[in-house]
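Heads up: the protein sequence lines correspond to chains A and B, in order. Take the first sequence: its letters are residues 2 to 57, numbered as in the numbering used here. Take the second sequence: its letters are residues 72 to 603, numbered as in the numbering used here.
The set of hints was computed from the structure by calculation and includes no laboratory data. A few of these clues could be false.
What the hints assert, rightly or not - Using 27 Å as the maximum straight-line C-alpha spacing, the simulated DSSO-like pairs for lysine-lysine come out as follows:
#1 B:K139 / B:K97
#2 B:K416 / B:K378
#3 A:K46 / B:K104
#4 A:K35 / B:K97
#5 A:K46 / B:K205
#6 B:K130 / A:K35
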Amino acid sequence: MKKIALKALLYILTGGLAFFVVTFTVYFFNLDMKLTSAIEPFLLKWYDRIPRNQHL
Amino acid sequence: MAVKKFNKMVNPEKIKGDTRYGDLYKPHGKVRKRREWRGVGDTLYDYSRWLGIMLTLGKFMSKPRNIKFFFRYRWMANYLAVPMMVDRFTQGLRGEYLRMTHEEQDLIIIDVAKLLNTMARADRRTGNDEEFSKINVLVDENEMTAVMMGFPNLKCTSRETPSTYVSVLLNQHAMEHYIDVAQEYGLPGDVCPMPEAEAGVSIDDDAPIFGACAVQCNTTCDGSLLGNGVISERLEKEDGIPVFQLPAPLRHKEDDVQEYAAEEIRRAIAFIEEHTGHKWDWDYYFECAKRVNFATKCRNEWLDMNKTDYPQIFGGNLALYTETNYMAICGKVPEFERADRRLMKLAEKAYKKRKMAAPEYRHRAIVWGVQSHYYMDFLVWLLNCWGIVPLTDMLSCINTEMIAETDTPENREQAYYDMAMLTEEMIMRNRTHGGYKVLLDDLFEFVEQYNADMIILWEHITCKALDGMHGMFEDRARELGVPLIWVDHQLFDPRVVSRQGVRDQVNSYMRTVMQEEPLDPTLEVLDDENSW
């Protein structure tokens, strides 16, 4: 039982550490903004294609 | 009046981590090279708040109707830049200052996410929840929402807040498309770009369609009236949403207009009751009034603190939060009262420790005029680049009086006058209208009260209400010997005056007139024209 609990704790700690390393890397190197800024031009093209009832 | 000379103050505490903030910018880039290193504790705190923001955004995008909403409306693309907006407003901040900014910004982000969720649910093109749509009353972006303080079961929803106002804070180029659309349809180019962009969203068929009715207000200027005309035409004739025009008096300091103003409030409430079927609730009104008073009390105390040598809630923190809390929230959201308490606690803690937000305070400035929205983090830049502390700004100098908050027959009558007063004195219009006392004389009174030694005067180049006073500001500043820096801008359109164009005006003044060197030279010239 103790062994299982230790194993579970190890998984949780490893998972938590991996989560921290990955998300902190994304945060610190601004990877989230770099990715979204690359997406933006495609999005704008998409919006241009939407039919609109444009009038005053 | 005598302007006191301010002696430079040096921060005894060393700023941890990065101090050359300009190095984080990527030339011609849209985003920065990396986030700021603020020392271990503050970096981890900022990281944890970033995770919170990502969670808010993730939760919003987890609903299919919100994804549909995102791909339908062009202005939604600007919300990709939410974390970067927070990075801009927190630049150079550590300790309590960083925490205060996050308290405010993160709450505003959550509130805007809720607003977007409401819109996506009610919008005929996406969620199309007809019953839910019927409990929404539309208001302008720049409108005091006091008339909604007695309707607990209705939602006061501004379509323009997320589509134009917040968008341009997120991305400086957000409104260029809509300004161009409005002008393609013959709207003049010399009106304020804010209502012009709002009209552009409507003309471009990019405004969500929902709501039981709408209340528009004669906010501040010719541009606002023009924009409202275009929007209400479409709302009423095409979408079948009735619109009430709430014409608050412009001469708001005169006693003889107050009865008329209160009558207009009664009419607006009757209109909302008629079109929603909901009745005015006095218990809820006085509950909101208590929260309005609490927010006023907190703001007064923060401003009093800013009159001392150790200002705490100032600059963008004060400006953006006040605009949201005073006008859009207006006592209706209890979370803001809790945030006020937390902010007060942080500010008092920092004040007791005599904390400073930058390595040096060289000047104490009152910031006046209507600020540029595409460069609202300019106030943080002033502090980091030149050590100029922006103590308060024109849009934060609003009502300081308490309103009636206990339910009595007399106070029920007084409440109409209180709502009228809040509406007349809403942000911007309380200074741009009402005579030169509120615009000109008050500025120089504030300079004295706050021991300021400098004025930063935003000149929004298509705001006729303020531009007409240009010469009078200069004459008075010269007469009193107060250094005054004009900062031209075009509110929503950085193609006319860029962010560097804004900075250059301060840089030239500080180098030539004040003969000073920047605190952080890497911030003096930034290649951020393409940046969000």
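Satisfaction of hint between K35 (chain A) and K130 (chain B), Cα-Cα up to 27 Å: holds, 21 Å
Against the 27 Å threshold, does the CA-CA distance of K46 (chain A) and K205 (chain B) hold or violate the hint? violated, 34 Å
Could you grab the alpha-carbon distance between K416 (chain B) and K378 (chain B) and see if it respects the 27 Å cut-off? holds, 18 Å
Distance restraint between K35 (chain A) and K97 (chain B), which requires alpha-carbon spacing of 27 Å or less: This hinted pair holds, its Cα atoms lying about 11 Å apart.
Can you confirm whether the C-alpha distance between K139 (chain B) and K97 (chain B) stays at or below 27 Å? Between K139 (chain B) and K97 (chain B) the Cα gap is close to 33 Å, so the pair fails against 27 Å, i.e. violated.
Hinted pair, alpha-carbon criterion (27 Å max): K46 (chain A), K104 (chain B). Please report holds or violated. holds, 26 Å
Checked against the numbered hints given earlier, this structure breaks hints 1, 5; the rest are met.
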